[in-house]
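**Q** Chain by chain, the residues run as shown.
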Amino acid sequence: MREVAITRTEWLQVCKRSDLVANSGVCALVGSRQIALFFLPEQEPQLYAIDNWDPIAKAGVIGRGLIAEIDGAMTVASPLYKQHYRLTDGQCLEEAEITLATFPIAFDGDDVLIQVD
Amino acid sequence: MVKQKIVVIGNGMVGHHFLEQLANRPERELFDVLVFCAEPRPAYDRVHLSEYFGGRTADDLAMGKVEQYRGWGYDLRLNDAAVSIDRENKIVTSASGASEAYDHLVLATGSYPFVPPIPGHEHEKCFVYRTLEDLDKIQAAAKDGKIGVVVGGGLLGLEAANALKQLGLEAHVVEFAPGLMSVQLDEGGSKLLREKIQELGVTVHTSTATELIEEVDGGRLRMQFKGDKELVTDLIVFSAGIRPEDNLARSAGIELGERGGIVVDNHCRTSDKNIFAIGECALFDNRIFGLVAPGYSMARTTVSLLCGEAAEFNGADMSTKLKLLGVDVGSIGDAHGRSEGSAAITFVDEQTGVYKRMITDREGKKLRGAVLVGDTGDYDTLLQYHLNDMDLPEHPEQLILPALDGAAPALGASALPDTATICSCHNVSKGDIVGAVQGGCCSLGDVKNATKASTGCGGCSALLKNVVDTELAALGVEVNNDLCPHFPYTRQEIFHMVQVEEIKTFDELLHKHGSGKGCEICKPTAASIFASLWNEHIHKKPLVGLQDTNDTFMANMQKNGTYSVVPRIAGGEITPDKLIVLGQVAKKYDLYTKITGGQRIDLFGARLEELPEIWRELTDAGFETGHAYGKSLRTVKSCVGSTWCRFGVQDSVGMALAVENRYKGLRSPHKIKMAVSGCTRECAEAQSKDIGVIATENGWNLYVCGNGGMRPRHADLFATDLDDVTLIKYIDRVLMFYVRTADKLQRTSVWLENLEGGLDYLREVVIEDKLGICDELERQMTNVVGTYQCEWKTAINDPEMLKRFRQFVNTDEKDEKIVFVEERQQRRPATQDEIVQIAEPA
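Chain order of the listed sequences is A and B. Residue 82 in full-length UniProt numbering sits at position 82 of the first sequence, with consecutive numbering throughout. Residue 374 in full-length UniProt numbering sits at position 374 of the second sequence, with consecutive numbering throughout.
Only chain B is shown next, with the shape it has when bound in the complex (with noise of 0.2 Å):
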């Protein structure tokens, strides 16, 4: 069989999920597939662009990886962008001078941010806000500069605002029209984002069109507004609006608009009907979707129309939901209320700055479109509402109005139609969900695993947990959330009952609300209940049977049996003599030593019974318990800050130290990592912990709720500019809420993950004290920061605590199955042959 041959022009989020979709279907087998790419990179995730600024990296945002590419066949030419179509021999050639014949060309070449024709913008210091590359020319030349210009106020113009304010810059937006995001809001709410963006100290200007921009003494640019206004700036960035990629369609003599855009019908064919064009180059209807949706919906039609089935594109909707400068703003369907015959209602809360407005048909049976900014909290809804053509209910002002008693008249799942969409970027219905959950989906997780829903954008993941919850229950699946076969209740509720009757021992909660005898599961977490709320020695008699083995010897049990000591080196900071000191325990006791990931000193190796010995002389020299054990605060990493660091902003050591020093001993659901930096270079990673601080020039930023372990999560960013004082008051406030509600083993991330309304509710909680208990999570903090002890200090002092630390009860001699060979000069567990060779000599 002769296979057809396939080539893409392009590899940007469009021409990804066509290749990927492709890669899915049985037919695959058909086709041999060629891809031109222009960038030296495959596709990347553009919507997320700016969180490069945010420290996620190219890595973190690719989609398509080379090696995938070559697992699916596809023979990927980056750096190659194609140059000329020859239509009538069907041939593509490429820059590199390859010429490559075609049964089927997919152009998908994207788009490119127009620029206007200003004098001087082609200054060095004009930017555009595309690819990864125009990102680093940005962050190079903010670095030595204070102030940094947006022209154009749409969508991803006030999201590049919002990167020149994360590196550091003074953000102006300078706007042509009078609004902000003309395109997908009202003239009411364009005028509100405006003020809520002035309040967070971006400078809009609108109604403003510059004229000059030259460079002035010192290299800084001068922006000269019609009007005689002016603005001395250090870079510009030009975001105002995209121009569909359509030179090599041109120049091959296909079909283009009047206003450029590759002419398509709606099987995305072009005028050549063995071309197609999808995404941001594509002109249906004599329109651009410059969203990656209705990219994603062409792609999917295209590659259906390839392997042979029916399939239409017919246009998109163009509603949005982001979070724009921490503002969240909606638009949806027809937002200015221009279709004939339309009504609206609007509601506007000056006070807490909300604006929503609603576009319904004369009688206000059916909604055309809806804006809301400040609180799209109705959002989901209000779209489900549009997208199915549904009937409102009969008073449907009540759909955006605040409910007073307190209960919003929220669309239930059940309400929706099968063919409602609930996940747009992987175009999930309600009616894929339902069967994914009657086909033995059991949980979130599973439905998103087996549908994809939610793991685009994941701007639904609330409608879809409700829908998946709502199926469930109608199976009649009951979610059982017991912590374990001994107690009927969950994590929360025990810690409630512990704290609320001060019950400080395991057979009086077992008594109390459990049954049987207790596990591994309950009998530690109640440990770490009362490690949290009354800070008693792990080794006090009612509590030494309800340990970990880690906590209850201290240490970390390793393969053999053996045990590793790392004791506490605050923030990194160590003496030399102190140094000198663990070389010498480590030597003297044989341990293996390594550096650690959180800058600490693990020794490996210890037998069960030298353990007190090693913690002698460990205390003896002024080392205290590193609580590598326990769940509990493990480490707080830094860098070495204004101290050393001709870049650092703050003391990132002092506060390292201050930091580790009040949470040492802290014990908590999960481990618990942090790290403090010293300026936004972020040398110490906090944002890859549960507790993250970046110094600033005005303070502390402050990140919660990452790392996450095998599945890696960043830290929110919850805080900025926080004085000493404030910094501590929301840590302790965040880890005492999380001690007291996360389930059990529940890490931060995922914690926050569950959390009914996420990180806007855990501000609402930590700074805005929306439940009144921050006095008391404080006091809790502070009565575990009175109480702390070393526990090793305590122990080693006391002979009836010592005794549990024998190998054997009934003589002093070592365990002799115990093997170590020598591997780069230092001991290590021998491995089971090893141990038949030494035994058993050849």
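Same shape as in the complex, but just chain A (with noise of 0.2 Å):
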């Protein structure tokens, strides 16, 4: 497991746990970004923040994404014309040269956490 220090000050509180969709994702707006936020209960971790805008479709959209498991890693497919992003590090299974930014995410209690620099 992911070791995090968690403190107040460091982190941003996004949501509650009840906002997000099991298996799925949603958007956040932190400041003037948008953040895809998961939520995969039976993995490890069981969250994930990355960008939410599609550099290729130019559209922000990646959290309405379907969750795909290509060769061991955990990806969103872009709902638009459907590349794949590494959900763990944002990046592009298909375009070497594209990474999405991600996100620290984590619970605290029923908060959602993140880490926006």
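These are calculated hints, taken from the structure and not from any lab test. Some hints could be false.
[What the hints assert, rightly or not] Label-pair ranges, simulated between beta-carbon atoms:
{"no.": "1", "chain 1": "B", "residue 1": "594", "chain 2": "A", "residue 2": "18", "range": "36 to 42 Å"}
{"no.": "2", "chain 1": "B", "residue 1": "65", "chain 2": "A", "residue 2": "31", "range": "47 to 53 Å"}
{"no.": "3", "chain 1": "B", "residue 1": "802", "chain 2": "A", "residue 2": "94", "range": "32 to 38 Å"}
{"no.": "4", "chain 1": "B", "residue 1": "802", "chain 2": "A", "residue 2": "82", "range": "43 to 49 Å"}
{"no.": "5", "chain 1": "B", "residue 1": "455", "chain 2": "A", "residue 2": "88", "range": "34 to 40 Å"}
{"no.": "6", "chain 1": "B", "residue 1": "622", "chain 2": "A", "residue 2": "82", "range": "45 to 51 Å"}
{"no.": "7", "chain 1": "A", "residue 1": "97", "chain 2": "B", "residue 2": "29", "range": "54 to 60 Å"}
{"no.": "8", "chain 1": "B", "residue 1": "764", "chain 2": "A", "residue 2": "94", "range": "31 to 37 Å"}
C-beta: ideal position from N, C-alpha, C; glycine also.
Bring the two chains, given one by one in their own frames, into a single complex with the hints.
**A** So, in structure tokens, the structure goes:
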């Protein structure tokens, strides 16, 4: 399990556990940044935060993609043109030079906390 | 370099084949090519001429497109017939007055229909069956008629009779000889064919000679037959054989046969060595070859010779297999057993109406000919024995007898020699196919592309598949039909596991039969199967993560991340009040509005968070979800039918409403579209749909498995003159059989193409209940129909489901990155260039 030191000063509460959809994504607005949040109850870690902007389709839709396992890696398939982005590090599997930003995210009780620089 | 000039006279199928073959050769550059064509359009597919009545257009039938000829650098002169040949100076003159010199002249003038000189044959209601213009005239005359007569009971005559039937006429065939198709069939085969055709409602008069045709009161035609019989009809089509079109050659002094036809040698050369003749105008070995394959063969021979290669035409096999008025007929080689020392083996089953006869040599070692009526399943095998002069098995009768243990001793692909011709349209041998596979073709489609095999009439498709599969297997290539890396099964197999074990969640399915965590292939597939079987709301917790994005949000995502909204407008029928509501909603949310091809109204540009509000207003007004986002029934298009239309013969709107309301919400391997037309004019374009229904005076004709998406396909006529109840019953069964057995994302068209046994098998399953599963198919459909819910209505009343439709879970702000601009008084997504300009004003 990933060890993260959670302190309220560094971490921002974005939503509640009940705002998440199991095995799927939602989107949060942090500052002016759209961030896709994925909750996979059976996975370790359970939470993933990744840029919501699809740089290929040029639309904010990553949070609405389908979760797909590709060669052992958990990915989200962009809903528009179906490229896969690895949830752990944002790497696009089809286009080596494209990577989405990822963000530390964790539960604190029922709160969902995220770290955005 | 001075190029040699080739002038081609005639642009039918054979002329076109000549030009196409030449165009694909490097030697093409050595020639200037000019083509005289008497007809107003370039070559079209005369073999499938009758399909013009079945909805195919002149464009569909076109073989040589004007642009294509231009691309090949040919000088094509349409509407300009060649009228004389000056052989001494090697000049052709045309009707328009053009004079063109040639080095090589190719006569591909074809043939014309023979009209027996019966008094009255020139009446305006007498037609021939040769060109698209002829068909237009027949169609126009049939409009006000009830009865049509075909004179001539040969292959083309029977096809014409079928066409008259399709046009809604009572059809008669009048044949001078004692039997039908006397060229191809022996007496027994001919007799059975006659019985079968009469069962289909075509009246056959054999041994009947027409002596006089005269107009009687009311503009109808009375046919007086020898022996005092007579028949009154509305129109007559002559199909009494063809005569070679040899006038031009005759007046140029080229040698002709005793009864016409331009005499050619085995190089297709006429008596003038600079002039070739190919196709139905050419007489080789005192024979005219009235089929397209020998004509093609002559065309190829001539191209090779012009390119300096050795080539010969040595006659051609006249074996044919076809379906006439729905009856399978096959004729191979010496079908009449006229050659010396022949012996025959005959199998007749009067109960099922099957007649098969093999002609062998006296020892029973070689196959000289065969006749098949009612069942041509053995045709391919027999033809190969004949063409390749192969030794027959010890008990040759087994080749035509029904096998008692169920397995027919079919000739395996591996038994064929490499020289065996598989596709005679394009002259592709087994060796060519083996070469293509060894050269890297890994699928049937690859082989078709590489060799053109089975891209003509398609009659060899089963044999081709057999050869390709055998070759692939020999190379150790395993055809992998696994759904995806997580499931080593086909969709069909997974469907059965889900059904038998009553699996209702993806986790359970994965745990029992799969591995890993699932992907965007297996998850939506599983969701679709669950929906087909259990029909639960797609937002139910275990199901929500499985849906494709459009299903998840029950709307179609468009390029800028907004959605389009399509309410159901069953059958395209809508009240003014509902129309007003659509307009109001569109105006309120500033949605781009468009009428779709399927007679629905599509509202574009809705933001994610607006979807529930929009749907609340739409459902309040009585609208339901249109499932435009799902792999499911989309639309049932209709015309106004007998209610308003002066031609309509049934209530097409009523039927479209009934059909749409029955199948709405049915989840399937691919999206499904349907249409109902109120008469044969087909204003709803039902034959271009997965399920098409066309009204007849007696009920409904059902067409299945059309559409095809990027590879368009017309639907096949499945059953005729059905009453309402039977129509629905058959659609239930066809659809559910498709839902259960199709591959993932497989359209009905591809499903049917891959269904072993094809349309006939589908009929056996659906109409005759061969598998004994019809009750279950209907039960399953009844269950789907009974558990229908409007997904949107359920969703907007469930706060938990609605949470998903927030743009952001932590604020009500809007997505500022969605930018619209105005065009034609409505808004549309801004392009990237426009967005940059908006952000940074110049």
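**Q** Against the structure shown, which of the earlier numbered hints fail to hold, in ascending order?
**A** Numbers 2, 4, 5, 6, 7 and 8, in rising order.
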